[in-house]
Amino acid sequence: MKRFRWMVAAAAAALLVFGVYIALQDTGPRPRDESVAGPPVVFEGAVLVGRREGVPQWELHSHHMTSEDSQVLIDSLDRLLLLQQNGQPYQVTSSRGIWKADRGELVLPEETIVEGGNAWTAQSGALQWYRESGTTVLKDGVEIVQEDTVITAQKAEFDVDSGVLTMLGDVNISLREGSRSEN
Amino acid sequence: MKTSRSVFFVIVLVMAMALIGSGSGLGRDGTMQIEGIPDDASGGRYDTQTGVFYGDVTAYEDALIRVFMNDTEIIAVVLEWHTKEDYMKATQGVTVFQNETVIRSDAMEYFGEQDEADFRGTVRVELDDATFNGERFVLNLETEEMQFFGSFSGEFRE
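So the protein sequences, as listed, match chains A and B. Numbering follows this note's numbering, in which position 119 of the first sequence is assigned residue number 493; successive positions increment by one, without gaps. Numbering follows this note's numbering, in which position 87 of the second sequence is assigned residue number 91; successive positions increment by one, without gaps.
Chain A on its own, in the form it takes in the complex:
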């Protein structure tokens, strides 16, 4: 009998986590449900998926999130995957984030590192994704390193599908003599 109770409790907990996941993964526009307002809800070990026109754009893994009103505070960000159309991800590391559901914006307000599959990294002071435009912006100082090339700018827009970074404002590039001629 005790075992049965545990099983029921475990099933209920699993359903709750699954329900939360389903509720969070659709980040598309929807009418605000005023009845949701209330005490914050804490999620342990949840995955948040950002979609645009039904297509997954990113997948955020966290072991501690708090949902309050129209925001999800990601207190402990394990990793963020920026998804290309072909499903290949860029891995992003940072410490925390905020999902602003009403504005359709994901903000990583602290130091962020994007790692590309082609031996490059982009380090920035913050990262922001906008659902409306579908753009990912690296801001508050950006440094891109690929082999011997280092590019710095104040801000850059990252096209996840093409791997192209559009630098905004003044730009500096330095190229050290090295492996270039071997490529």
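No wet-lab data here; the hints were simulated from the structure. Hints are supplied without guarantee of correctness; some may be wrong.
[As the list claims (entries may be wrong)] Below are the DSSO-like pairs computed for lysine-lysine, each with C-alpha atoms no more than 30 Å apart in a straight line:
id	chain 1	residue 1	chain 2	residue 2
1	B	Lys-93	A	Lys-513
2	A	Lys-513	A	Lys-474
3	A	Lys-513	B	Lys-88
Given chain A's structure and the hints, the job is docking chain B onto it.
What follows is chain B alone, placed relative to chain A:
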């Protein structure tokens, strides 16, 4: 006192103005600065797949692209830098300063392996004591060897 005389001459192949050693073929360290771009405007883009940086500041009156490679400075309005191939292409209002020499042209290509800059279009080469105008000019940045191709008109100062 400044006297000048104009000389028109045709160079069939190559005229070497200076021959100092041979090129190392190793390419150079370089830095590039794009200045004068408004904060939210694009001054260039970098393709992480190809390693090509493309800068274009034609839309901004006070903006410039400047590249520094050892004792050479390149100023341009549109510039493509293939970082993996050590190749560079500049167009529109190209000016290169190499020691006492100033070269102005419509377009320039730089080949890192040969350490050579190839200037085309309307080319103007300003030396200490002479200025040459023509259509194609090649400068080896390592050896400072200069090559004039085709017709060049020259003006010498004393």
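Taking the hints in turn, this is what the structure says about them:
With a CA separation close to 29 Å, the supplied pair Lys-93 (chain B) and Lys-513 (chain A) stays within the 30 Å bound. Simply put, Lys-513 (chain A) and Lys-474 (chain A) have alpha-carbon atoms about 18 Å apart, close enough for the 30 Å limit, and the pair holds. Pair hint Lys-513 (chain A) plus Lys-88 (chain B) holds up; C-alpha atoms about 26 Å apart against a cutoff of 30 Å.
Of the numbered hints stated above, none is contradicted by the structure.
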